[in-house]
Amino acid sequence: MRIITPTKALILGVIPVLGLALVPSSPALADKFQTCVKSFWPAAKRAGVSSDTFEKATADITLDREVIESANYQPEYKKPIGEYVDRAVSPKRLEKGKEKLIEYKKLLDQLEAKYGVDRHIIVAIWGVESNYGDNPGDKNVIQSLMTLACSGTKAKFARGQIVSALKILQRGDVSHEKMNGSWAGAMGHTQFIPTTYTAYAVDHDGDGRRDIWGTIPDALGSTAAYLKVSKWIPGQTWGYEVKLPKGLNPNKISEKTYKTLSQWEKLGIVRVNGKPFPRSSDKTTLFAPEGTNGPAFLVLNNFRSILRYNQATSYALAVGHLADRLAGYGPFVVPWPTGEDRLSLEQRMELQQRLVTTGHLEGEVDGIIGSGTLEGIRSYQRAKALPVDGYPTLTILKRLRSEAPPPPPAPPPQAATPSPVQQPAGAAKQAVPVAPAPPPPVAAEQAVPAPN
Amino acid sequence: MSLRKYALFRATAATLAVSLAVLLLPSSSTQAADPVTTYKKAVEARFEQWLQALWPEAEAAGISRKTFDGQLKGLKLDWSLPQIVPPDPAFLDGPVLPDSMKPKPRHQAEFDVPERYFSKSSLDALAATGRSKYKQLAPALGTIQKQYGVPASIIVAIWGRETGFGGAALPYDAVSAIATQAFMGRRQDEFRPQLIGALKIIQLGHATRAEMRSSWAGAMGHTQFLPGDFEDYAVDFDGDGRRDIWNSVPDALASAGNSLHSQGWDGNQPWAYEIDLPKGFDCTLQGPDQALPIREWIDLGVRRVRGRPFPEERLGDWTFLVLPAGMKGPAFLATTNFTVLKLYNNSDVYAIFVGHVADMIAYNSPAEFVGEWQTVERFPRDRMQRFQEVLVAQGHDVGKVDGLVGFKTRQAIGAQEKKYKLPLTCYPSGALVDRVLKAADAAPN
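Protein sequence lines, in the order shown, are assigned to chains A and B.
So the first sequence is numbered by our numbering: it starts at 17 and just counts up by one.
So the second sequence is numbered by our numbering: it starts at 2 and just counts up by one.
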C-alpha cells in the first residue's frame, strides 16, 4: 500500500485500457515524432555530439505513452505536508538509512571532509530521491525527454534537457542502455536531471566516469558537490523546530523575513526542547506550513540549499527531518494537524485496517495513502452508495467505525514488520478528535512584530 | 616508395628531435639569427613530429602509409592563415614568439554590424544571379528539391553565399590549411578529424590533392564542404561514379541538399518568419534556449509582418526569437530549419542572409526587410570582450567570451538594461558599455 508513483499506477491500471482503446500509432504520427527527434541534431552537433552518438541514442526510440500519461497525471488526492513527511521519513527508510551510514562510513567521512556537507543530509537525500537507489527509474532518458519535447507536455523543460543528456552519452559517462531515469529524466541514485548532472556531477572514485547510476561514491559525491555549490554552510543545521508564543500568527510573517535567532527569541519563539539556540546570530526565516496548527520551524541557509535540489518546501523539510532522525534526534514535538481531510498517521492506518477488515483493501497497513488505498475507499463508497471520490476523510473513517467492530488490536498478519509507530487501535481511536480541528485562532494583531 | 627509402624515412623521423636540437642550438646561441626565421624553423620541426604522431589515427581510419607519407611528408605550415595561435614558446624552452608575429584581432564578415551585412546591394546582386541560375538549372534543381525536400532556392542561395556560384577562387591547399588549423588553430580539436578526413578523400580517389582547394578553414568545392561533411553527405548526382563537389555543379548542389536534409531540414516549414513585436516587448526572450510554440508567441503579442497570418497547421511548431540587432533591427521567429542553416556557418546573420536571398529568388521578395536595420555602434573586439568579461563577473551568461555579440550576450545586455532601468534594446551601445566598464573599474578588487 505504499504510495504508487504515477508511472507504476499507470502500468498497473491505465495502460492496458489504453492499449485496447487505441489503435497502434499511425505511421504519420511516428513520422512526426521522428522529424521532431531529428530537429535536435543541429543543437546537438554544435554542442559537440557526434552523428554516431546521436544516431545510436535516437535510433530505437518511440513515443512513450507512459511518459505522457505520467506527465499529465494529476493526483486525485493532494497529500497534506504532514502526510508527505511521514511517508518520506518512514520507519523503514530510517532503519535502512542507519544501515547505509554504517556501510558507507568511510566514503561519508571523505565527503564530509571534502565538501563540508553533513553526512546525514547526504544519506537523507539519497533516501528521499531514490530510496537509496532502489527506485532510480527504469525509463530510457533520451526516449522520455524526446517524448515530452515532441508531445507538448512539459515540452519546454524537456527541450532544455536533451542536449545535456546527449552530451552525457558523448562523453561516455554511461552507456545508452544504462542511461535510465524517471519519466521526467531524473537519473540514477541522485535523481539528477541532465543539466544538473552536467553542471555538478563528480567522478569521486576517479575512474574517469561520473557514474551516478552504478557507482555509489560518484552518486553521493555528486549530491555533496551539488549541495556545496548550493552554498551549504558546513557545521550549520537546516533548521530548528520551535514553539510559537501565543498570539503570534505565522501566516502574517513573510517567509522572506530574515531575523537572527536572538531577534526571534525576543519575540518569544523558543526551541521545542527548551534548549537555547546555538549561535544566536544565525539568520533564519520562519517556516510554519500549517500555521499555528502544526510544527513550526526556524530555517537556516542550508534549508535553502536543500531547496536547490528540489524546490518543494515539503521536500526540504522531509530531507532535513530524515537527516535529523538519522543523526539520532526524535520526531517532531508538535503533531501535524488532524481534521476532516487531514488524518493523522494512526487514523490513516486505522482507516486502512478497517478497509482490509471489510474486504475493500488488500495489502500492508502502513498509513501511506497510495492509489491502492484510494481505490479501496472508492470500493467502499460504491458499496455504500456514497459519492465516490476516494478521498480519505474523517467522515469516512467514522462511518467505517460505526459499521464494523473495532479491528483486532494485534497487527494484521499481512504486515510482516509492524511499524514501530503503529499503535493499538484503541489508542488510535482515543486520539481521534471528534470535532474538526479548531479554526486557527484569530491572531492578536498587535502581537505580530513589525518588520524592521 | 621503395622499402629502403621507407626505412630511411623512418630513421629520420625517429632521430628528428635530436637532429633538431643539434641544428637549432648553435644558431640561436652563436649568431643573432632573424628571430622570425629561428622561431618558424622551430615550430615547423615540431609540426613535422606532430604529423608523424598522427599515423596510428590515420591507420585506424584506413589510410595507407603511402597516402600518409605522400601527402604529409615535407608539408609546411601556412603562416598566412587567419585564426591561428602560434605556440609560444615554440616548444618547452624553445624560441619565443617574436613580437612582429603576435596576432592582431581580425573578424569574419559574419560578425560585421547587421546594417552593413544586409546591404541592399549585396542582397540584390546575389539574388539576381541566383534567379538566373535557378532558371538555368531548373531541371536538376527540381529533382534535387524533390529528392531531399529542401527548396531549390535555399540551395542556390547557399551556393551563392559560399562561393559566388562557384566563381570564388579558393586560395588554399585544403591539406595544408586543415593541418595548420589542427596544429595551431583556434579550434584545433575540430580540425584534427578533418585532416584525417582529407587524407581519406585522397585515399579513396574522390579528388586529387591539386583539386582540393579550399578556404582558409578547409571548406572545399562549390558548396564549401569540410572533409567530414564530404564523407557524411556528399553524393554522386550526375551518375559519373564520383562525388565531385569541386567540378560538378549537380553533385555539389545535391550534396548540399542531402546535407540539409540529413541534418533535419523540415520541408513543411520555412526558415523563419519575419515578425512585428508589440511595443515594449521583452527582448531578453530571444535565443534558442527560449523556444516556444508559435501559438504562444502569438499570445505574447507577436504578429507576422504585413498582416499575414501564421499557417494554421504550423501553430504548434517550436520557434525561437532572433534579434540580430536587438530592438534596432528586424525580428524573426526562427524554425528548426534556421538551426540547420546555422550548421553551415554558426551565425544568425548568415542564416538570415541565406534564407532571405532564397526568398528573394523564389518569391521575388524585396531586398528590404519589413523591419529596418538601424545604424548601430561598432566596437573593437577587445573592448567588447572586456565588456563580456565584466558581465560574466557579475553573474551573466554571455556564451563564449569572444568579443562577438551573440544571442546570450544580447540577453545579458537586456538584463543589464533592465537593471539600470534603461530602454530595452538588447544590443550594445557606447553609453551602456562605458557605464558597465566604469562601474567595474571603480569597484574595489
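Hints in this document: simulated from the structure, not taken from any laboratory.
A few of these clues could be false.
As the list claims (entries may be wrong) - Keeping only pairs whose Cα atoms sit at most 27 Å apart, straight-line, the calculated DSS-like set for lysine-lysine is:
hint: 1; chain 1: B; residue 1: Lys-422; chain 2: B; residue 2: Lys-409
hint: 2; chain 1: A; residue 1: Lys-247; chain 2: B; residue 2: Lys-401
hint: 3; chain 1: B; residue 1: Lys-280; chain 2: A; residue 2: Lys-183
hint: 4; chain 1: B; residue 1: Lys-401; chain 2: A; residue 2: Lys-272
hint: 5; chain 1: A; residue 1: Lys-95; chain 2: A; residue 2: Lys-268
hint: 6; chain 1: B; residue 1: Lys-147; chain 2: A; residue 2: Lys-48
hint: 7; chain 1: B; residue 1: Lys-280; chain 2: B; residue 2: Lys-419
hint: 8; chain 1: B; residue 1: Lys-147; chain 2: A; residue 2: Lys-172
All of these numbers come straight from a predicted model, not from anything done at the bench.
(message) I'd like to know which numbered hints this structure contradicts. Please list them from smallest to largest.
(response) 3, 4, 8
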